[in-house]
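*Asks:* Taking the hints into account, I'd like the entire structure generated from these sequences.
Chains as they are written, first to last, in the working numbering: chain A, 161 to 529; chain B, 161 to 529.
Some clues are possibly wrong.
[Claimed, not checked] Below, simulated DSBU-like cross-link-like pairs (lysine-lysine); rule was C-alpha separation at most 30 angstroms, straight line: (1) 328/A - 328/B; (2) 328/B - 278/A; (3) 328/B - 366/A; (4) 366/A - 278/B.
These are computed hints drawn from the structure, not numbers from a lab.
Protein chains: 2
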Amino acid sequence: MQKITPWEVEGDIDYSKLIKEFGTSPISDPLLKRIKKHTKELHFMLTRKIFFSHRDFNWLLDEYEKNNKFFLYTGRAPSGDIHLGHLVPWIFTKWLQDKFNVELLFQFPDEEKVVFKKDLTFEDTEKFTKENMLDIIALGFNPKKTKFLIDTKHANLMYKPAMQVAKKITFSTVKATFGLNNQSNLGQIFYTSMQAVPAFLPSILKKKNIPCLIPLAIDQDAHFRVSRDVIPKLGYYKPAIIHSMFLPSLLGPKGKMSSSSEQDTIYTTDSPSTVESKIKKYAFSGGKPTLAEHRKKGGNPDIDVSFQYLRMLFEPDNKKLSKIYNDYKSGSLLTSELKEILIKKINTFLKKHQQKRELAKKQVNKFIL
Amino acid sequence: MQKITPWEVEGDIDYSKLIKEFGTSPISDPLLKRIKKHTKELHFMLTRKIFFSHRDFNWLLDEYEKNNKFFLYTGRAPSGDIHLGHLVPWIFTKWLQDKFNVELLFQFPDEEKVVFKKDLTFEDTEKFTKENMLDIIALGFNPKKTKFLIDTKHANLMYKPAMQVAKKITFSTVKATFGLNNQSNLGQIFYTSMQAVPAFLPSILKKKNIPCLIPLAIDQDAHFRVSRDVIPKLGYYKPAIIHSMFLPSLLGPKGKMSSSSEQDTIYTTDSPSTVESKIKKYAFSGGKPTLAEHRKKGGNPDIDVSFQYLRMLFEPDNKKLSKIYNDYKSGSLLTSELKEILIKKINTFLKKHQQKRELAKKQVNKFIL
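*Replies:* In structure tokens, the structure reads:
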């Protein structure tokens, strides 16, 4: 059983099943080759298939090769603090921005979670928007080519096109796609119309049709399954999409890291000792119950969360990653040692990130559309 | 059979049945007395019960008498040209503004009809918004106390509070209230949230709770049956409402004047000869089939559309109206003579209105919030 909507990810995730269910295309080796022609090198999230699926990426490259440059669109619903899981698509988005030298529209749908979470208010999302922006700026997006779009702040730009989208989507469709029902509130029902808008807003503002590429975690695909049918009816290109897997929760390889519990999440503002203690206490291990057994039979890196974090985020070097994989599998690397490697990696990353996050406080205004 | 929603008025309208169905209160003589205490005189639309029903008007006066002044909120969905039927609530709203010396927020929900009418676009509503504003300004609203609010233009102010409203209304509720269904589009479903906002927007902007009075035609009541439950949950006063009847179509006393056919409608921009020919050709008559029979048995002013237009809009003088009523009933006044009286009245009104409409072109910017 798997249940994947923009608001719920439950059960074992079978990514190849998702490709079939959602009707997307797997990232193939010929596509990687084609991307590499333009980027010179491939990000490890591509070669390791962390970004594993896409829609119309080949069309996007056709256009790019005809000198019809795309822009990037991704976003963050500001309803809590940023954790490592959030960073996966954004780090890759920055890489795309750098390699293709393109603009990025970064949406903060500050109303989305307000209508989906009973107790969340606009006061909360305003605070989280400010905090979350710091993390995004800290990742190093090009300030000249990156614009933040905040739904309630930029409603003058967004509401009219959102209503044009809304006109073309029935309740039946959102019921089927998002699992909404008669008890859903009008904000929940309407919201997907707003999420569609950034995919063609630059085309409106610049008065010419510009291709769009949306890097996102696969749970957000539902919005674009709906709006990719609508956007061409308004006269704009169907956006292309590239989908990432979820960073697993600390507690196990199933499901995704989420802010619902402190125990399964490492925040970007966690101190080195907090990181150390969370990893040591909670990071699900693929190791054997006893030292002797581990040495003898070896561990299972494929289900070991610490290994997965290295693979998905913190060890870009394939050779080093391979060695860790093999050592752990053979039993020569212990769980405690593997965790030490990860703790060091995360803390090195977070130290720099937190410094850049501080510096970001002075840069926020430059980024807001 | 009667069907009254904000988008459809069908069948014989039984106004006393609507009071029961919608759970409103009739305008009573004690209430009229109480209003007169403040306004010195009573508008004929009150004494003739053209405004026939209300919600919480007594509460509004309680607050007014405690020096807690209200503001007025009414509006116009810009989807066509203005006809005489539109003027009924606005002429009365202007009277309220003058007599109580209060502010008016006039909403132009330029997205509403776009999502309800298949072929209507934002290009159309933009044009109609500009045109319709001229008619409203021409009615003489106080430019210092009247502000126009255009949904897509003022979405920065409106979208966030609309989402707070939307969070508190389920699909079941709009299904039951507006007759929407699974094939309704997301814009239709969401829209009522935007119509709620002007009832408390001044309270947000001025950071204090201000009572609101909404004069409207009874078909718009549905929106506020829903939002009057929601607005207090956001911390604002439940708006008071006063309801008008519909000006009948030229073609008969049932239903309302609407822009759906040229034949049943007199527009504010019609020429004197157009008015004359429409009244002569189409105005439904309460007279008898032959002159002889009319002279002998008399006509029926209660179903005569020309008489109704005089009663509802064009003959404020009770004595003169009474005489016309009696003369028509007795048969001494013929249908052709009654029509002549009305044609003269309408053309006198429209001549001035069209002059003021021209002058209004230079005033529009003063009115926009």
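*Asks:* For every hint, state whether the structure bears it out.
*Replies:* We went through each hint and held it up to the structure:
Between residue 328/A and residue 328/B, the direct Cα distance comes to roughly 24 angstroms. Compliance with the 30 angstroms bound is thereby established for this hinted pair. This hinted pair checks out: residue 328/B and residue 278/A have alpha carbons roughly 10 angstroms apart, not beyond 30 angstroms. The suggested pairing of residue 328/B with residue 366/A is violated, with an alpha-carbon distance near 37 angstroms, which exceeds 30 angstroms. A threshold of 30 angstroms between alpha carbons decides the hint, and for residue 366/A with residue 278/B the separation of about 27 angstroms falls inside it, so the pair holds.
The structure is inconsistent with hint 3 alone, although it conforms to all the rest.
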